[in-house]
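Sequences listed follow chains A and B, in order.
The opening position of the first sequence corresponds to residue 1 in this note's numbering, with each subsequent residue numbered one higher.
The opening position of the second sequence corresponds to residue 1 in this note's numbering, with each subsequent residue numbered one higher.
Check each hint, because a few of them may be wrong.
In the DSSO-like style, the derived pairs of lysine-lysine whose C-alpha atoms are separated by at most 27 Å in a straight line are [what the hints assert, rightly or not]:
#, chain 1, residue 1, chain 2, residue 2
1, A, K18, B, K108
2, B, K18, A, K128
3, B, K37, A, K144
4, A, K23, B, K115
5, A, K30, A, K313
6, B, K37, A, K23
7, A, K176, B, K130
8, A, K23, B, K42
9, B, K23, A, K115
10, A, K23, B, K204
11, A, K30, B, K109
12, A, K128, B, K260
13, B, K128, A, K176
14, B, K37, A, K146
15, A, K37, B, K23
16, A, K175, B, K128
17, A, K30, B, K108
18, A, K116, B, K18
19, B, K108, A, K23
20, B, K23, A, K108
21, B, K14, B, K225
22, B, K14, A, K130
23, B, K18, A, K109
24, B, K254, A, K130
Just so you know, the hints here were simulated from the structure itself, not pulled from any lab data.
There are 2 protein chains.
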Amino acid sequence: MTNNLSSENIIINKYLNKLNQNKLGTFNFKNDASFLKLSRNKKLIITNDTILENIDFFQNDPPESIANKIATCNLSDISAMGAYPYAYTLSLCLSNDVNNYWLERFSKKLLLLQKKYNYFLLGGDLSKSKNLVISANFFGFAPKEKILTREGAKLNDDIWITGNLGDSYIGLLSKKNLIKLNKIYKKYYENKYLYPIHSSIGYKINTIATSAIDISDGLYGDLEKLLISKNIGANIYSNLLPFSKKTKSLLRSKIVKFDKLLSSGDDYELLFTANTNKNSIIKKLAKSNNIKISKIGTISKNKGIYLDYKKIKIINKSFQHFF
Amino acid sequence: MTNNLSSENIIINKYLNKLNQNKLGTFNFKNDASFLKLSRNKKLIITNDTILENIDFFQNDPPESIANKIATCNLSDISAMGAYPYAYTLSLCLSNDVNNYWLERFSKKLLLLQKKYNYFLLGGDLSKSKNLVISANFFGFAPKEKILTREGAKLNDDIWITGNLGDSYIGLLSKKNLIKLNKIYKKYYENKYLYPIHSSIGYKINTIATSAIDISDGLYGDLEKLLISKNIGANIYSNLLPFSKKTKSLLRSKIVKFDKLLSSGDDYELLFTANTNKNSIIKKLAKSNNIKISKIGTISKNKGIYLDYKKIKIINKSFQHFF
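Put together the whole structure using the sequences plus the hints.
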């Protein structure tokens, strides 16, 4: 035993996993959320995400952006489990930088999101803190108690993705002045970074998809999580990967790196697998919900991720969540 | 609107209260916990408490103590609602001071408490942080869906309290070197501060008591919360207030102040009211559970708290929790 802090993955496996006592619904901390089985026909989906100043957001980010982030990262997990949100609790550790005007803007944005996605605040906790730390638990239900997990992908399933990849990551690069963008691009991307919108269709695909995960650590890392437990692989194709027009032009002019867009960033889009016979249903769903859903490849026998037939070497990503 | 941070009470009333959207079970953030009504016959009790380094514990406190505190403050809220715990989620924001040995001791204590009170870890979130911040949501059930709240106290009800008052507060004074105690006393009180044990009998009194609250801000402040909404008062008597033998001797020698013991400290005992006809049941309950339960007074018509017929002036206490 060393005196250094283990990687987050090791912390979970070595110290925290035993605390689940092998109970149903914890998934050994290997899904986006867990559930409590409350009766024969009732499961409550529960997720927990915490965001911290200087790590998940910048000190001077608008309060609306911080409200948006704590809601979005949790709502995204609820959606990835095939569920819709119902309520949440909020732990606010407020620093001295927080004043009444901040609170007014922060709570107004929270209410806006509550009304948009139809959930309410159950309660929580207030503390004073050196740095701003916000933690939330979100509770949701899955239609017909059908919960989507990361474990159901089957050989020859199609691999689908909602929305576009990399926008939020490019926004982060711009905010950090690591790339220089023109005014219009800067505004577009930084807005995507500050106000990410999760893909909320999880509860609409929970009988269609065989597995799902939200993209919160980059496509590669999250796709890998769909494959690991089943010993399967994925063939994906660069020409099928969804990027916004602006991102395509940045890729052409080599301002951003293709690989980086697939291994970083909080996209909060859904990555899911489905049998090929669901093809037309998924296309209809995209149309009726006015969203982009792209087929990016298929599940194969060969372990690992293959991009255009070339195996991707994945640098072991840390796990920020233990569900 | 000023640029200063409002008191916690104002934050809740002005900015957060509207977020509950008047939903059942939130109690307008005025109870120890809230509940989700999941079906006609199923309510899930939910509470959230967060503890922070240098505020709720000291940086070098034993990891077992920190584990004990995050569990106890939440378990105490669950008990105050007349419920028993079922599961919890844990958000760990870990500082660089945390190493493997710390994690091993911390998680071992968590598991011990889980086994003692029969609940399990559902999942959570891991982050890196400058200071250690730990937030938990605890979930519980109330027998026969009978939830205890702060609002049910009736005229002429008896006022009861479990355990002893002030031990944890004296421990804090000793840890801060604000009082000097001999070795035996020092060990006793600091142990009470580091390893508080909540009163877990809430679920056993939920059909006996008319109202309940856990003492987490001192007797006066918490008793006041049982009275406010009903426009009633309390007559309590100093000779009936429960103190340990050691505390009685410290009071006699004026090393600690009587008033301070009633207005400070995390006792995590239960304060509850009950009709006088429950007197013998409560005494039997105390005996069969091998715990101390003391009758300290009665509910009266005159608003406010009267100690030995003298009205107590309560300095408005801040609310650390919005449930």
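Results of checking the hints against the structure:
1. A:K18 x B:K108: At roughly 9 Å apart (the allowed maximum being 27 Å), K108 of chain B and K18 of chain A satisfy the hint.
2. B:K18 x A:K128: Holds - the C-alpha atoms of K128 of chain A and K18 of chain B are around 22 Å apart, at most 27 Å.
3. B:K37 x A:K144: holds (18 Å)
4. A:K23 x B:K115: This hinted pair holds, its Cα atoms lying about 13 Å apart.
5. A:K30 x A:K313: holds (22 Å)
6. B:K37 x A:K23: Answer holds: K37 of chain B to K23 of chain A is near 23 Å, not above 27 Å.
7. A:K176 x B:K130: Between K176 of chain A and K130 of chain B the Cα gap is close to 21 Å, so the pair holds against 27 Å.
8. A:K23 x B:K42: holds (20 Å)
9. B:K23 x A:K115: Roughly 13 Å between the alpha carbons, so the hint for K23 of chain B and K115 of chain A holds.
10. A:K23 x B:K204: holds (26 Å)
11. A:K30 x B:K109: holds (23 Å)
12. A:K128 x B:K260: Cα-Cα ~23 Å, so holds.
13. B:K128 x A:K176: holds (20 Å)
14. B:K37 x A:K146: holds (20 Å)
15. A:K37 x B:K23: Measuring from Cα to Cα gives roughly 23 Å; hence the hint holds.
16. A:K175 x B:K128: Holds, at about 21 Å.
17. A:K30 x B:K108: Distance of about 21 Å is within 27 Å: holds.
18. A:K116 x B:K18: holds (15 Å)
19. B:K108 x A:K23: Roughly 18 Å between the alpha carbons, so the hint for K108 of chain B and K23 of chain A holds.
20. B:K23 x A:K108: holds (18 Å)
21. B:K14 x B:K225: The hint holds at about 19 Å.
22. B:K14 x A:K130: holds (23 Å)
23. B:K18 x A:K109: It holds: about 12 Å lies between the C-alpha atoms, which stays within 27 Å.
24. B:K254 x A:K130: violated (36 Å)
Figure legend: structure checked against the earlier numbered hints; the only hint not met is number 24.
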